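All residue numbers for the sequence shown refer to this note's numbering, where the first residue is 131 and numbers rise by one.
Hint data in this document are derived by calculation from the structure and do not stem from the laboratory.
Check the hints yourself; a few may be wrong.
Under the rule of at most 27 Å between Cα atoms (straight-line distance), these lysine-lysine pairs were calculated in the DSS-like manner [said to hold, decoys possible]:
| no. | residue 1 | residue 2 |
| --- | --- | --- |
| 1 | 188 | 140 |
| 2 | 188 | 147 |
| 3 | 137 | 147 |
| 4 | 178 | 188 |
| 5 | 208 | 149 |
| 6 | 208 | 140 |
| 7 | 208 | 188 |
| 8 | 149 | 178 |
Label pairs and their computed distance ranges (CB to CB) [said to hold, decoys possible]:
| no. | residue 1 | residue 2 | range |
| --- | --- | --- | --- |
| 9 | 147 | 196 | 23 to 31 Å |
| 10 | 223 | 180 | 56 to 64 Å |
| 11 | 223 | 174 | 55 to 63 Å |
| 12 | 136 | 223 | 17 to 25 Å |
Only a predicted model underlies this, so the values are computations on that prediction, with no experimental measurement involved.
In this text, a Cβ means the ideal position worked out from N, Cα and C, and glycines have one as well.
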Amino acid sequence: MTARIFKPAKNAMQSGKAKTREWQLDYEPEQPRAIEPLMGWTSSGDMKQQLTIRFHTKEDAVAYCEREGIPYQVIEPKEPARRQAAYADNFAFRRGEPWTH
131 MTARIFKPAK
141 NAMQSGKAKT
151 REWQLDYEPE
161 QPRAIEPLMG
171 WTSSGDMKQQ
181 LTIRFHTKED
191 AVAYCEREGI
201 PYQVIEPKEP
211 ARRQAAYADN
221 FAFRRGEPWT
231 H
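Whenever a hint applies, use it, and build me the whole structure from the sequences.
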């Protein structure tokens with residue numbers, strides 16, 4: 131039972147960054163998922179896959195794992211590459227193709 135401590139990525143469907151500031155603890159699956167033969171649903175008997183715990187800081191999450199004796203893995207977040215963009219760049223002479231409507 132290994133735990134992953136990470137900062138979740140932002141939702142790809144929205145531009146907001148809600149629920150990305152806190153650290154999240156998820157458990158690695160202990161057993162693989164199985165396909166239920168009658169309906170074809172995917173299921174698992176591992177109840178810890180449903181558990182998600184949120185912490186304000188990474189240190190709080192690590193302290194929780196050490197206090198409870200849970201082996202953990204910390205995954206550091208990757209900073210997004212920022213690209214400077216200005217409205218005037220649409221009309222620059224160095225632009226490869228002319229700007230049109």
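Hint by hint, here is what the structure shows:
1. Straight-line distance between C-alpha atoms of residue 188 and residue 140 comes to about 18 Å, which keeps the hinted pair within the 27 Å bound.
2. Straight-line distance between C-alpha atoms of residue 188 and residue 147 comes to about 18 Å, which keeps the hinted pair within the 27 Å bound.
3. For the hint pairing residue 137 with residue 147, the CA-to-CA distance comes to about 11 Å; that is within 27 Å, so the pair holds.
4. Proximity of residue 178 to residue 188 is assessed by CA-CA distance (about 20 Å); at most 27 Å being required, the pair is judged to hold.
5. This hinted pair checks out: residue 208 and residue 149 have alpha carbons roughly 16 Å apart, not beyond 27 Å.
6. Under the criterion of a C-alpha separation no larger than 27 Å, the hint pairing residue 208 with residue 140 is consistent with the structure, at around 12 Å.
7. A hinted pair counts as satisfied when its Cα atoms are at most 27 Å apart, and residue 208 with residue 188 qualifies at roughly 15 Å.
8. Under the criterion of a C-alpha separation no larger than 27 Å, the hint pairing residue 149 with residue 178 is consistent with the structure, at around 21 Å.
9. One distance hint, 23 to 31 Å for the beta-carbon pair residue 147 and residue 196, holds here, with the actual separation near 29 Å.
10. Distance hint check for residue 223 and residue 180: the Cβ-Cβ separation is about 58 Å, which falls inside the suggested range of 56 to 64 Å.
11. Judged by the Cβ atoms, the range 55 to 63 Å given for residue 223 and residue 174 holds: they are separated by roughly 60 Å.
12. About 45 Å separates the C-beta atoms of residue 136 and residue 223, a value inconsistent with the hinted range of 17 to 25 Å.
In terms of the numbered hints stated before, the structure departs from hint 12 and from no other.
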